[in-house]
Amino acid sequence: MANNTAQLQEKSHPMEDLLRMDRMPHIWCSGCGLGSAVTAFVEGLKKAGVSYDKTAIVSGIGCTGRVAGYLRLDSYHTTHGRAIPFATGLKLANRDLTVVVFSGDGDLFAIGGNHLIHAARRNVDINVICVNNFIYGMTGGQNAPTTPLGAYSSTAPFGNYEMPFNLVGLAAASGASYVARWTTMHARRLTDSIATAANKKGFCFIEIVSPCPTVFARKNKGGTGLDMLKEFQTRAIIDHDADPTTIPLNMDNEIVCGEFVNDDRPTFWENVQAGIKARLEKFANWEEMQSNSRKISHKKDRKYTSSRDSSIMRRNT
Amino acid sequence: MFKKSRLIGEYFMQGDIACAEGALAAGCRFFGGYPITPASEIAERMAMRLPLLRGVFIQYEDEIASIAGILGASWAGAKSMTATSGPGISLMTENIGLGMMMEAPCVVVNVQRGSPSTGLPTSWGQSDMMQARWGSHGDYGSISLVPNSPQEFFDLTITAFNFSEKYRLPVFIMADALVGHMTEKVVIPPVEELEIIDRKYTNKKPEDYLPYDYGKNLIPDFAKAGDGYRYHTTGLTHDKRGYPNMTFECQNELVPRLVNKIKNHVDDISLTEEYDIEGADVIVISYGITSRTILPAITMAKKKGIKIGYLRLKTVWPFPEEKIRKLSKKVAGFVVPEMNLGQISLEVERCAHNDSIVKLVPHPGGGIHKFEDVLHAIEEVAYGK
Chain W
1 MANNTAQLQE KSHPMEDLLR MDRMPHIWCS GCGLGSAVTA FVEGLKKAGV
51 SYDKTAIVSG IGCTGRVAGY LRLDSYHTTH GRAIPFATGL KLANRDLTVV
101 VFSGDGDLFA IGGNHLIHAA RRNVDINVIC VNNFIYGMTG GQNAPTTPLG
151 AYSSTAPFGN YEMPFNLVGL AAASGASYVA RWTTMHARRL TDSIATAANK
201 KGFCFIEIVS PCPTVFARKN KGGTGLDMLK EFQTRAIIDH DADPTTIPLN
251 MDNEIVCGEF VNDDRPTFWE NVQAGIKARL EKFANWEEMQ SNSRKISHKK
301 DRKYTSSRDS SIMRRNT
Chain C
1 MFKKSRLIGE YFMQGDIACA EGALAAGCRF FGGYPITPAS EIAERMAMRL
51 PLLRGVFIQY EDEIASIAGI LGASWAGAKS MTATSGPGIS LMTENIGLGM
101 MMEAPCVVVN VQRGSPSTGL PTSWGQSDMM QARWGSHGDY GSISLVPNSP
151 QEFFDLTITA FNFSEKYRLP VFIMADALVG HMTEKVVIPP VEELEIIDRK
201 YTNKKPEDYL PYDYGKNLIP DFAKAGDGYR YHTTGLTHDK RGYPNMTFEC
251 QNELVPRLVN KIKNHVDDIS LTEEYDIEGA DVIVISYGIT SRTILPAITM
301 AKKKGIKIGY LRLKTVWPFP EEKIRKLSKK VAGFVVPEMN LGQISLEVER
351 CAHNDSIVKL VPHPGGGIHK FEDVLHAIEE VAYGK
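Those protein sequence lines, which keep their order, are chains W and C. Oh and the first sequence: position 31 is 31 in this note's numbering, straight run, nothing missing. Oh and the second sequence: position 323 is 323 in this note's numbering, straight run, nothing missing.
Simulated from the structure, these hints should not be mistaken for laboratory data. Because the structure is a prediction, the values reported are computed rather than measured. Careful: at least some of the hints might be erroneous.
What the hints assert, rightly or not - Using 30 Å as the maximum straight-line C-alpha spacing, the simulated DSS-like pairs for lysine-lysine come out as follows:
1. W:46 <-> C:326
2. C:205 <-> W:54
3. C:314 <-> C:303
4. C:326 <-> C:314
5. C:240 <-> W:200
6. W:47 <-> C:224
7. C:314 <-> W:54
8. C:240 <-> W:46
9. W:54 <-> C:240
As the list claims (entries may be wrong) - Covered stretches of chain W (in silico footprint by chain C; criterion: 3 or more residues with CB under 8 Å from a CB of chain C, positions within the stretch not fixed):
10. 52 to 61
11. 69 to 77
12. 86 to 96
13. 134 to 145
What the hints assert, rightly or not - Cβ-Cβ distance ranges computed for the label pairs, FRET-style:
14. C:279 <-> W:276: 52 to 62 Å
15. C:248 <-> W:24: 15 to 25 Å
16. W:15 <-> C:208: 17 to 27 Å
17. W:187 <-> C:194: 34 to 44 Å
Using N, Cα and C, we set each Cβ at its ideal position, and we do this for glycine too.
Construct the entire structure; sequences and hints are all you get.
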């Protein structure tokens, strides 16, 4: 009996092998969706069967930026907005790794927006998980690029004047290989999506619509975290065939969820390899042609190409 | 030919290209960059050479992504580099601070142009010297090497990689457009004659490893991503486990260490070249291309019978404080010609204190010093005018 209790205490948390238990409790507010998002991520990784030793997680700054610090993986907490280029470098320099960027909507779409669209365009083989809570939580509820028109925030005391980004639309339009949107209500489907993305090559983007009771709900009369989840439940519909560019999120419209894009197109590295191969084959023929033509052509030229490194000379002039 | 990682022999080579070749010789296999005059040739050379050496070349969307990318690559174990000019460095500074805090080895080449702002894109200057030291917010030790010829651009690129691997930080190479675009003889020695230092990986098991635990030399051992160490790295103030710890105690242990790990090794890092220092009345201190353009003034001063010495800094940061302090007690004064309106001369003034005169010969960039100006300054110091 005593033995059993000891065992229970020893393995007290079902996700202990992937969480840094010595860092608990975490800093997130009660009712926040990040706990569900992290749980879905951990379960998704388990389901995908990827090696934890070969999985790296990169975060930017913000509430979601703290995710990297709580996961027992190779984890990198970088500067604001720069998680994606950091992850790109990490992935390209060690292509055995599964690299996941886990960050918030402000980090990935405001300060880091340029990096996101370019990484999607390149189709770098990384997964980007964006927790969208419609607001800047860590700094105290300022306007985000996702804050719905008319919603209140600390920097929009008269209601937000700006049109928000449609994250899935932007990712799909930029060329992502996999695009999905779920809310933290859709725990099982979100887990499946994360597992799919973990084993899929190319740029994968998953938006997780998440409640922020502390600042977003407080300023917009959204109630508690649970109230927000209930609201998500009533507003969410699943439509895999929806065109991701036509499903923006407002204050009270339908939250269209689903896997909108699941394509196979060559990744950045595959294109690099193919490009070099094609060029080298061409170059080999070209060299052959050059040496043949040199035999017949004027001796005058030879004087200039006789340097032991003529190609360098040519590049320098 | 391009499949060779080192081109051994004598070449007539542009400075920027010599830099790229130096990086490849040092083992650089990741380049992330963004085009900018006058540093684009480095990226172009890397784009051609790296893929054939199984390395990675990527042209990022901006300089911010470039520096973030090479930090990521550094964490994957690659020797990584980016090259840019003043405006690019200004964009990079935040993530250079991240590199200092995370202690990620990498090399940042700044081929300086006339500044500030867009300044003189195709012309040269040396006005980013203080930025290299203090550019990113906060206290940290930094290393900057300044070449004065394509040959030295090659050599110092290798040295920069060695220092970055050894001391675990982003190292600057502060070239300028004149050195970068100059074409001269460059000799690439055989492999065995080059000293290449690789980073020190930990030999501890993952369960015993503390990523920011350090020994006497204040430098933590490295463990790369994918090796099963599964540790955390952050730009926040962190403890030896790499975990964020926002306390005074932790800050007081971490930040002084970042400064001291360089300060304590000044003798190893500081590279200088000196001529006729012993018994000199006046010492000319210069660095980079200025050290070559002012040589006529030194020759003239010698002809006039002035006891003149010449100190050239290959390493500008960390500044050789002790050396200047000792010299300042022996000489009448220093003359510091530089292609800015007074940056390194401030350091010399600080070290010379009140022991000797320090005379700046400023130049805003875009040209070279008139040797008469330098000669005039030397005479002023020598004759105590």
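Structure-based check of all given hints:
Our distance criterion of 30 Å between C-alpha atoms is broken by residue 46 (chain W) and residue 326 (chain C), whose separation comes to about 64 Å. Annotation: proposed proximity of residue 205 (chain C) to residue 54 (chain W) holds, straight-line Cα distance about 16 Å (limit 30 Å). Annotation: proposed proximity of residue 314 (chain C) to residue 303 (chain C) holds, straight-line Cα distance about 27 Å (limit 30 Å). A threshold of 30 Å between alpha carbons decides the hint, and for residue 326 (chain C) with residue 314 (chain C) the separation of about 19 Å falls inside it, so the pair holds.
Distance restraint check for residue 240 (chain C) and residue 200 (chain W): the Cα-Cα separation of roughly 35 Å exceeds the 30 Å cut-off, and the hinted pair is therefore not satisfied. Restraint check for residue 47 (chain W) and residue 224 (chain C): the C-alpha separation of about 25 Å stays at or below 30 Å, so the hint holds. The straight-line distance between the Cα atoms of residue 314 (chain C) and residue 54 (chain W) is roughly 41 Å, outside the 30 Å bound, and the hint therefore fails. The suggested pairing of residue 240 (chain C) with residue 46 (chain W) holds, with an alpha-carbon distance near 29 Å, which does not exceed 30 Å.
Simply put, residue 54 (chain W) and residue 240 (chain C) have alpha-carbon atoms about 23 Å apart, close enough for the 30 Å limit, and the pair holds. Counting residues of the region 52 to 61 of chain W whose beta-carbon sits less than 8 Å from any beta-carbon of chain C gives 5, enough to reach three: the coverage restraint holds. Residue count for the region 69 to 77 of chain W with a Cβ under 8 Å from a Cβ of chain C: 7. That meets the three needed, and the coverage hint holds. Given as covered by chain C, the region 86 to 96 of chain W passes the check, having 10 residues with a CB less than 8 Å from a CB of that chain where 3 are the minimum.
With 0 residues bearing a CB less than 8 Å from a CB of chain C, the region 134 to 145 of chain W misses the requirement of three and the coverage assertion fails. The hinted window of 52 to 62 Å between residue 279 (chain C) and residue 276 (chain W) holds, with their beta carbons roughly 59 Å apart. For the pair residue 248 (chain C) and residue 24 (chain W), the beta carbons lie near 24 Å from each other, so the given range of 15 to 25 Å is met. Evaluation of the 17 to 27 Å hint for residue 15 (chain W) and residue 208 (chain C) yields a pass: the beta carbon distance comes to about 24 Å.
Separation of residue 187 (chain W) from residue 194 (chain C) is about 56 Å and departs from the stated range, judged on CB atoms against 34 to 44 Å.
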